[in-house]
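Asks: Please arrange chain B on chain A, whose structure you already have, making use of the hints.
Chains as they are written, first to last, in the numbering used here: chain A, 87 to 289; chain B, 51 to 225.
Just so you know, these hints were derived from the structure itself, not from any lab.
Owing to the predicted nature of the structure, the values given are computational and were not obtained by experimental measurement.
Be a bit skeptical, because a hint or two may be false.
As the list claims (entries may be wrong) - Where chain B lies over chain A, by a calculated footprint (3+ residues, C-beta under 8 Å):
#1 133 to 139
#2 174 to 186
#3 229 to 240
#4 269 to 277
Said to hold, decoys possible - With a straight-line Cα cutoff of 27 Å, these simulated BS3-like cross-link-like pairs (lysine-lysine) come out:
#5 K236(A) to K157(B)
#6 K157(B) to K90(B)
#7 K268(A) to K220(B)
#8 K210(B) to K106(A)
#9 K185(B) to K202(A)
#10 K202(A) to K210(B)
#11 K267(A) to K210(B)
#12 K206(B) to K267(A)
#13 K210(B) to K84(B)
#14 K198(B) to K185(B)
#15 K210(B) to K74(B)
#16 K210(B) to K256(A)
#17 K236(A) to K74(B)
#18 K267(A) to K106(A)
#19 K74(B) to K198(B)
#20 K268(A) to K118(B)
#21 K210(B) to K163(A)
#22 K198(B) to K106(A)
#23 K163(A) to K84(B)
#24 K185(B) to K267(A)
#25 K163(A) to K256(A)
#26 K268(A) to K202(A)
#27 K157(B) to K84(B)
#28 K220(B) to K163(A)
#29 K144(A) to K220(A)
#30 K74(B) to K185(B)
#31 K118(B) to K220(B)
#32 K236(A) to K256(A)
#33 K220(A) to K268(A)
#34 K198(B) to K267(A)
#35 K236(A) to K210(B)
#36 K206(B) to K163(A)
#37 K256(A) to K206(B)
The C-beta atom is built at its ideal place from N, Cα and C for all residues, glycine as well.
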Amino acid sequence: MTGVNPNPAVFLVMANGQIKTAEFPDCDELYCRFMFVHGQDWVVTSGLEEGISQFTHKSHDERQLFVWNFPLNVTYKSTNPYGWPQLVISCYGPDAFGREIVRGYGSVHIPITPGKHELDIPMYVPVSTSRFQKFTSWFMGRRPEFVDPKVVSQGEGRDVTRVRSQGHVKVCLNIVTRDMKKLGYDVTPSDVTSVPVGVNAGI
Amino acid sequence: MAEVHIIGQLVGASEFPEHSLFCKWGIHAGGAWKLIAGLKEGQTQVDNPENEEFAYWSHPIDVHYAAKGLQGWPRIHVQVWHQDSLGRSELYGYGFVHVPTSPGTHKIECVTWRPIGTMQEELTQFFVGGCPQLKNADLIYSGADRYKLRTTAMGKVHLKLNLIFRNFDKYGVEC
Numbered sequence: 087m088t089g090v091n092p093n094p095a096v097f098l099v100m101a102n103g104q105i106k107t108a109e110f111p112d113c114d115e116l117y118c119r120f121m122f123v124h125g126q127d128w129v130v131t132s133g134l135e136e137g138i139s140q141f142t143h144k145s146h147d148e149r150q151l152f153v154w155n156f157p158l159n160v161t162y163k164s165t166n167p168y169g170w171p172q173l174v175i176s177c178y179g180p181d182a183f184g185r186e187i188v189r190g191y192g193s194v195h196i197p198i199t200p201g202k203h204e205l206d207i208p209m210y211v212p213v214s215t216s217r218f219q220k221f222t223s224w225f226m227g228r229r230p231e232f233v234d235p236k237v238v239s240q241g242e243g244r245d246v247t248r249v250r251s252q253g254h255v256k257v258c259l260n261i262v263t264r265d266m267k268k269l270g271y272d273v274t275p276s277d278v279t280s281v282p283v284g285v286n287a288g289i
Numbered sequence: 051m052a053e054v055h056i057i058g059q060l061v062g063a064s065e066f067p068e069h070s071l072f073c074k075w076g077i078h079a080g081g082a083w084k085l086i087a088g089l090k091e092g093q094t095q096v097d098n099p100e101n102e103e104f105a106y107w108s109h110p111i112d113v114h115y116a117a118k119g120l121q122g123w124p125r126i127h128v129q130v131w132h133q134d135s136l137g138r139s140e141l142y143g144y145g146f147v148h149v150p151t152s153p154g155t156h157k158i159e160c161v162t163w164r165p166i167g168t169m170q171e172e173l174t175q176f177f178v179g180g181c182p183q184l185k186n187a188d189l190i191y192s193g194a195d196r197y198k199l200r201t202t203a204m205g206k207v208h209l210k211l212n213l214i215f216r217n218f219d220k221y222g223v224e225c
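Bound-form chain A, shown alone (with noise of 0.2 Å):
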């Protein structure tokens, strides 16, 4: 680490974590697909963006569970807590015919106090619009999915989707922050017993 910088013009924060569990009751095996995305203040100064678990099966007993154990390990720079990142996680496996198919979509934003965080990522497929699609699809092998999953971390575009919720991803993000309190940003309530001393008046 570089020494006490008094006027910093960025913070950044680092995640680590990993992609520990998921559950889903309707399917047998699962590979993920992780990926971190970002407004345009931000920049990623170390670790992985991007990358693909290992191939997983359900356990069999009454727990139900795909282990991934998966680590996750970003640092970011910025200027501006606008686009915070957030982690997209996609999930693919194969259905009764061996072929491959999207199983979920998700995304959260990685938290932003330092600390430990366990998030629950709910998953959702999109869904076909008529009930013949709906069949041709399952006969073909075809089921629809999104062009590009960062759409899940936006909001525009989304008001026409129909998607089906089916199944949780859990995720555990150390967060680690520097600088964020020289910049001004308070990303926890202040303590409001002691009164700071040279205050300006009135806003």
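Replies: Here is chain B on its own, set in the frame of chain A:
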């Protein structure tokens, strides 16, 4: 100037009578607040859950406001709609909640209500669907003429919001 970042998600909805729900949401703030970046309104996808009672939208919210005063603190208002298999939409509920006033991560439950009409209207609604709607959407988050409404309770909308404040302590604001 003080700045507020609202970063989070409209997670989903629970306890509504039917599935296949979507939500139109918006953020309303007073005159002292200026929107610098982000979308302050939107519409989520339609979700029909496979295994659960909870409908998940996971709709991202990322808004950056600059504040010259505390009055008119932003409020998020939601309208939950139900889309049936034929593609028709009917209103299921209105609700609003203030954006929390302390930085950090907040899990918020927004309760919703819908207007009810006369006995005949309720009877037609039972068979045909649809429900009375507000002519002026401002009534969702203002108390001004509420006494004229008769309403009934509907389900809950869940939000998870992270708030980052900037320069509030410079102005002596404790939050």
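Asks: To test your reading of the hints: which numbers does this structure violate?
Replies: Numbers 1, 2, 9, 12, 18, 22, 24, 33, 34 and 36, in rising order.
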